[in-house]
Structures are given as structure tokens and as C-alpha cells.
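Colleague: Letter by letter, the chains look like this.
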Amino acid sequence: MNVIETLLASAMLAAAPLMLAAIGEAIGQRSGQLNLGVEGVMLLGAFTGFVVVEAGGTVSAGLVAAMIIGMVVGAGFGLATTLLSANQIVLGLGVALAGEGATGYLFRERFGLSQPLLDAGMSRPLHHFAGIPVVGPALFDQRWFVYLAWALVVGIGAWMRYGRPGLILRAAGESPFATEAAGVDVQRVRVIAAIVGQGLVGLGGGALSLVEVGFFTPGMTVGIGFIAIAIAMVGQQRPLRIAGLAIVFGLLRGSGTAIQLTNVDVQTEFLELLPYAGVLVLVVLMGRQVRLPRALGLAYDRESRNA
Amino acid sequence: MVIRSAAQSLLVVVGAFVSGAVVLLLTGHNPLLVYLELIERTLLRRSGIEESLVAMSPVLLAAIAAWIASRVGMWNIGIDGQIVAGAVAAGAIAPHLGAWPVWLMWLACAVAGVIAGALWALIPAMLRVRRGVNEIVTTIMMTYVAYSSASWLIKGALKDDEMVAPATRIVDVARRLPELPSTRIHIGVLVAVVACLTVWILSRWTAIGMLSRVAGEAPRAAHRIGVPVDRYVVTAFVASGGVAALAGVNEVIAVRGSVQADWRPPYGLAAFGVLFLARRQVAGLIPAALLLGMLEYGATVLPRSTGVAPNFFPLLEGLILVFLAIVNWRRIVPRGRSLARSEGAT
Amino acid sequence: MTVNAGRGRIPEAMKLIRLFRSGLIVGVLLSTAWMPWFAMDDVSAKTEVDKVAIVTPASRSNQGWDQQGVDTLVAIGKDRDIEVEVVENAGNDPITPVLRDLADDDVDLVFCHASGYQSECPEFAQSEGVPVVVIENPDAVLDGLVADIETQAQKVAYLAGVMAAAETKTGKVAIVVSGEPPTWNYMTAGFAQGVHDTNPDVELIYSVIGEAAYDDSPNAKRVTETVIAAGADIVFGMGDGASFGMIQAIREHNAESEDEQAVRFIDVIGDKSDSEAGEFLMTSVLFDYTGAYTTMIDDLEAGTFGSVYTMNLENEGVRLLEPPIEIDPATMEQVEKARQGILDGTITVPTISDAEELETFLDDLAGDQE
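Residue numbers (my numbering), protein chains in the order written: chain A, 1 to 307; chain B, 1 to 346; chain C, 1 to 370.
Just chain A, same shape as in the assembly (with noise of 0.2 Å):
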């Protein structure tokens, strides 16, 4: 494999836990809730995912258990935000910088005087194609999960924008009175949207310790919670375009080394910014274009009365 190869491969690679992150955020964003909180969510399945392997159990179970525990925090967030009438920025805030913190905190109460790595061991099914030049190990060479979180990211898309249920959880996003005078009961659609969506965000996060690195470390996740966020906003909840942009966000990434490597003379700092300054560029773009649900955010209050 060479160097071009090697970066495409590893900004696939890279794109697995981003695009299932995203993805349930956007579930989560149809449905009229806007959760910060990924950043947190995503090290919580990723330290969860970490303990059972290490532990001894398979990485399908860690990566089940990573869903879990996004799912559980799914719940919390969702029946905080319909019967608390929490308010959802500062419950998302407060996820992400507890979640950072717990996982910090666990990691090193129990793994204090070590750095324990994960075998590795995750089959490559269609490695008998990854021979074609460029794109062959890219596409052919990646282990089992990369193609799985595709089919997921792509399955679930299209049922959110084909499915009737996909119909309800945008009726619900975007006037939840209305829908809920056609007999919707739009807090139960929320709460499962947020228990599915945060569930997906749980399972990146354990695709990110468990595939993508092998090991956890505090803070791991570095932003790509929050890229995750910007993506679902700008992916406006479709599926292709958010795996399309969580491979370029990856592809961002990787470039810096490959770029060194070819001697062009460009600081590391630079490369840097590049992922962050694109998506940046690419709200602008699509600015009037990003249509939020228009009822993102707000607090769904059913029993409130109209001035």
C-alpha cells in the first residue's frame, strides 16, 4: 500500500465513527432537539466499549455495550427535555463536560498506572478485492465495522427520509403542536429519537476506541463531537451528504502527514485548521440552504397556552 492509498484507507477508516455520530445527532435534530452533548456521549461509549474488551469480552460486545450506554444517556436527555422542560443547550453542555470528565476521571482511577492496548483483531471481509490500485484498500480493505456503520448511516437515512416514521419524527420537528393535534404523541417521538439517535453517537464513540484506535484515552475525541454536530446540521439530516462530509473531514485529517511526506512545505499548525476552517466555509455556503427544523431547540411544552 502506498502513501495515497494509506490516506484514503485511513480517512474511511476515520469517517466510521464521524458518520454514525452524526447521524444520530441529526435523528436527534429532526425531531426538534439539539444535543451538544456528542462530545461527552462519544467518550462515554468509548470508554465503555474500552472496559468490556479489556475485560475480556468480544468487541462486538463492547461496541454493543458503547450503544447502550449512549441509548441510556439518550433517555436521560430526551425525558429531561419533554417532561422537565429542560432546557437543551445547557443540558448538552453539561453532558459533554460531565461525560469528558467521568471518562477522565474513570479511566485513571482504574487504569492509573498503565496504558493498556487492545489486540488487534477485527477481519477484513473483502480483503480478497483490495488489490485495485488507489481506491482498493479503501474500499475492500477496511475491517467489518467500516461497512456496517455505512449500511447503517445509509439505512437509517433513507427510512428517515422515506419511512413514515421518518415523516413523523420531521412533522415533529418542525410543528409539534401541529402534529400532535393529528394525535402524535410528539414526546414520545422525541424521547425515541433520542434514545435511537444518542445510541448511534454511543456506537461511534466505541467504533472510535474499539476500531479506529485500539486503545482510550482521556479526551480522545478531540472536536470531532462537535464536528459531528456541525455535520448534522450542514448534512441537513441526509445520509449520503453526511458520509460524504465525515470522509472529507477524515480526508482533512490525514493529509497533513501524507503532505509532509511529499515535502511541500506547509506547517502542521495550518493543516490544522483546515477541517474546522471548511466546515466553517461550508455553513456559509449553505447558509439560507441549512434548514432547521424550525422547532430545534425549543422547548415542546404541551400544556402551555398560547399568548
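Hints in this document: simulated from the structure, not taken from any laboratory.
From a predicted model like this one, the values you see are computed outputs, not experimental measurements.
For glycine and all other residues, C-beta sits at the position ideal for the given N, C-alpha and C.
You may find that some hints are simply not true.
Short, incomplete list of chain A residues facing chain C, as computed with Cβ under 7 Å [stated by the list, open to error]:
(1) 4
(2) 6
(3) 10
(4) 112
(5) 114
(6) 115
(7) 117
(8) 213
(9) 214
(10) 255
Here are the simulated distance ranges between beta carbons [stated by the list, open to error]:
(11) C:350 to A:119: 36 to 42 Å
(12) B:204 to C:308: 57 to 63 Å
(13) A:255 to B:174: 45 to 51 Å
(14) C:356 to A:134: 30 to 36 Å
(15) C:316 to A:114: 26 to 32 Å
(16) A:285 to C:141: 52 to 58 Å
(17) A:163 to B:210: 47 to 53 Å
Add chains B and C to chain A, keeping to what the hints say.
Modeller: Positioned in the frame of chain A, the structure of chains B and C alone reads:
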């Protein structure tokens, strides 16, 4: 009414501490001991009180910044980036002003910092007002851009060649903000308190101060009565960035004398903790900031004396935010944000 | 007092009172704080060292920089019956509060184990009168207050380079770093020269993970995968916490590659033989602080504190770790010959600490190959 709000805030803090206690227990620490140690070190020791007050100053400034933005209904999540912008600006010019009288240098640094922070906030503000782009995402991205740009500048053009770890040239101790006699409290702390008072006065007794509140809570109504809502929003957001930047300037002219390339100020989220603990009242910002200042200071010294990993304190702060979100505070949320209003108003 | 229950507004008078109340509380706290005022101990020529402290930016679990400092000091403490306070994970935030806290606890000497503490520690020493040891900051040295430790590891890195050039099967060796502080630049230059002198045809691949990416393991892993893809079969990694990313990349590659060469690793500063890296760890440019720390403590007790101690090949402050894996005896002979050559002066090793100079130097070396 006052008692009720204060009680709710107290409940939040207690709730957070109790949850924290559970975590401590699960990892084999004695929460009572840990909390008592925290109180002892931050409140019952002279050095602790001084350090807590010093730690309070950037948090207070960040909280004021958050408050200003929230006044017009905006969320400034990019405070940390604005702090860095301010610090870099101050750190860039300070070494060149060696010949100036000290107070003039401070003023210049403050001005430079405020401008930098204001500009940093201007971009998300304009994007929000002109193109309707959600400021949460833009401010977060601007923060990361700030970190990378700061690194780039500090390791490049601004680097102090005499220092190993990349940092701007140090401001001599003699030329930093003086401390209150016999204490370690530098006057930056007073500046933060004064800023708080100034904002309070401005919000109460100037037209723009009062009207910006209307602009935040009921933008359509404000627009109808002729308030230039967009302009107010941008002005407030820019002011917010400027105030946040002061915390960065603080770092250069008072705390460390320079900015290091990998500095990530931890004040952005704490600012919101303070903001809501204070129930968005300016008067409450100071005691709330002091509490968070105590936690920040505690985080540096408690690990050594209690063996608790330092990440416990961000966890505690996060829990405070979570509880704050949950406590029913419908009355505190600007009406404009509640769906009922906007649906009805259409 | 009218209170509008619906809106929850607090009338002006109450607000003023609340503000005044907070101010009063702060004022009272401040004034009571003055009461238990004890005069600061003056620094008379202390000769008895009972308690020392070390402050490190990251966790001692990283089996590298932080661990070497902490473990060494703790061992010395046990030996000499000195109490050792360890403050780890101090990060990059201002550490002055921590330092002051240590001073309050009557610590006799503080080891500031990171170049990021370069300005705060000397300032603290001057204002509080507690002696400190800094690293890489010879200008800050002050009689009785500030001592400095320099690490000149380039000669030992040269030897590591010799080993790498002799052992590489693919003819490509990679240097992966998570930052460009002088300590590491010395090593990069020395290593590169060692490789070049041993076999000028070996290609060197130099890659920087990030600005101060000492903890960025995921990126470290990515970068390492890339250099392995480019053909390197020996990786000289300087990463602190990030080294785990490098190690993981190598592990995965070795586990999954079928007919390709197993990749091996050369570490710095610490000894990772007991970890997963032990399977492919060739050696390490070990930093041994025992001599440095012992001298500092001795100096303090003798009243001669305040000098620069340099750790290098000659005083074995820096040395090559015994290879945990099998290395061809012929290679080891080459290394030993090189070592002799350095000691008797026939071999000169470059002393480059600046990042830009380093880039030029590496370019020149590469240029030589063409």
C-alpha cells in the same frame, strides 16, 4: 422570590455534589473527606481564598461575556476562542511596548485584546444575522480555528527565541498587574468585578441596555416598535467577544506574562455554569463565579492531597450544568425561546 | 415589595441589596483571611532536605517522560529517606497555584518537569524563595534558587541510528515525533546522522504529528500507518503519550501483514520492554535522571545549589536500553564501535535544537543521497 431562586441554585449545587459523591464512593474515595478538604483548602486557608479569587477572575469575565450574549438571545459557545484571540493579541504587542509607561502598556494590551476578541465574535454574529446560520456551530468552529491559528502564530512569528516551549515573549514580572498589598490577588480580579458592575449599570440605565433585553426576548415585537434588533444582536455579540478577550489579556499581563502555544483555556463551559447558577442576574454572577473559581483552584491542589484524579472537577462542573438544565426554570428562559410564543406569534 | 409572580422579576431594591450582600461577604472573607497570617519563612541556607516535589504535565503511566522523572525521584526518596510529593497531570495550565500549595507544605525543592513550566517556576522560586529545578532553561539559573537540567541525547540517538541503519531490511527508516522541542530535535538530528554515516543509502522519513501533540494517540497511529505504508520498517518514535498510538499501529501492522516485514520500534526516554511494545522494541534512548536529581539534592544540602547539569552519553544520563528483542551481534558490534568513536572524538555528532535548522539539516542529508 429571591429566596426561591437562590434556593434553586443551592439545590443544583447540592445535587451536583451528591452525584459527585456517588462517583467518588464507587471509586473508593470518601466523599466527605474530599469535600471537606475542598472547603478547607479553598475557603479556610488564606492562600486558598486568594487563589480562589484569582481563579475567579477569568471565569467571571467569561460569564459576563456569556451573559451579554444571552441578553440578546444568543449563545456564545466560542468564549474560549475569543479568550485565546485576546491573549494572542496582547502577547504579540506586549514585548514591543517595553519602553512605554506600564499603565499605558496595559491599556494598549487591553485594547488590542478586546479588538481581537470582538473581531473573533463578529464573524459568527454576522453569519447569524445576515445568513441565519446558527451561532452555536460557528462559534465552536471559530474556537478550534483560534487554537490552531494561535499555535501557528506562537510557534512562528511570535515565538520567543529564548524559550524552549513555544510562547510569546514574557512580560517581566515587574511590569505585570500589581497585586493587592500583602496578597496574591492581582488587580485583574478587581477589573473583572468592575466590569461586572459596569455591565449591570449599562443594562439598567441605558437605552441600549434595556432595549437589548427586549430584542432578545421578543424580537418580533421589538422590531415592530422600531428597535434595530439585528444591530443590537451584533453589537452585543461583539461586546461579548471583547469581554471574553479580557480574560486572555489577563493571562498575559497578570498571570503568566505570556501565551503558550498549546494553551486551551477551560472557561467557556464554566461560564455557562456561572450564568445559570446566577439565574442570569448580573448580581449573582460574582458569587457564582467565586464558586467555580474555588472548584478550578481545588482541581489543581486536591489531587495531591486526596488522591482524586483531577478530572473529577470538570465532572462536577458538568453535573452542575446538568442539574441547572433540569431544575424547572421556565421563568428564567426568555419568552421568545418558548415555542408557544413563537407559534402564536406567527 | 411588589413581586410579579408571573414574571419572577426582582425589583431594583432587592437587586441592590443582593449585590451589596455579595460584596460584603467577599469583603468579610478577605478580611478574616488576614487574621491567620504567619510570616513567610525566609530562605536561610537550608542544608537538610526532607521533602521534595515533582510536577509533571501528564500521567506517570505514559511510561516515558513523566514516568522517568517520577520513578527516579521516588526511588531516590526511598534511598535517602526523603519525602516525595508527586503532582502529575498538571497539564499546561498555570501551575503557580500548585507551586504555592507545595510551598505552603514546606517543600524544600521542586522539580518542574516540563519545558512548559519554564517561566513560572523561576518566578515562583524568586518570589517564594523555594528552590526549583527546571529543564532546558539555562538562562534562568540563579544561585541558590534555580538549577537547570539539560539533556544532550544526540550522541546516544546517533547510536540508535547506527542500529537502525544496520538492521533495516527495506532501507527506509522513519522518525515520528509529536512535537519539535529542542530535546527531541537533538535526538532527531543525532539519529539521522547515525543512520547516514552507517549507510548513506537508507532513506529517512521524518514526520511531525502535530504542534504539541504529546497526547494525540489517534493521530500518532494514523501518521505511523502512513510511514509504514511508505515502506519504513523501523520507526524511531518520540511521542510521550502519543507513542501508544505509534505502538498500536505497529502492532496491528505486524499482526495483520502476511508476507511483509515486521516493523520494529525504537523508543525514547522510558523503558517499555514490559508492555505490548516489548515484542518489537529494539532499544530506547533512555533518560536516566538519577545522576541529575542526586546532584541537585546534594548541591542543595551543601549550599551550592544553582548550576546546570547536563545529562549525556559520557555520564550515562542518557544511554541505550538493552535490546529486549534479538539483535544481530554484528549490529551490536557496530554500535559499540560507534560509541567508542564518539567517546574518543573521531565521530562528531551534530548539535541541533532548533526546528528550522533541523529541517535544513535533514534536507541536506537527503540531498547527499542524490
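Colleague: Looking at the structure, which of the earlier hints fail to hold?
Modeller: Checked against the structure, the hints that fail are numbers 1, 10, while the rest are satisfied.
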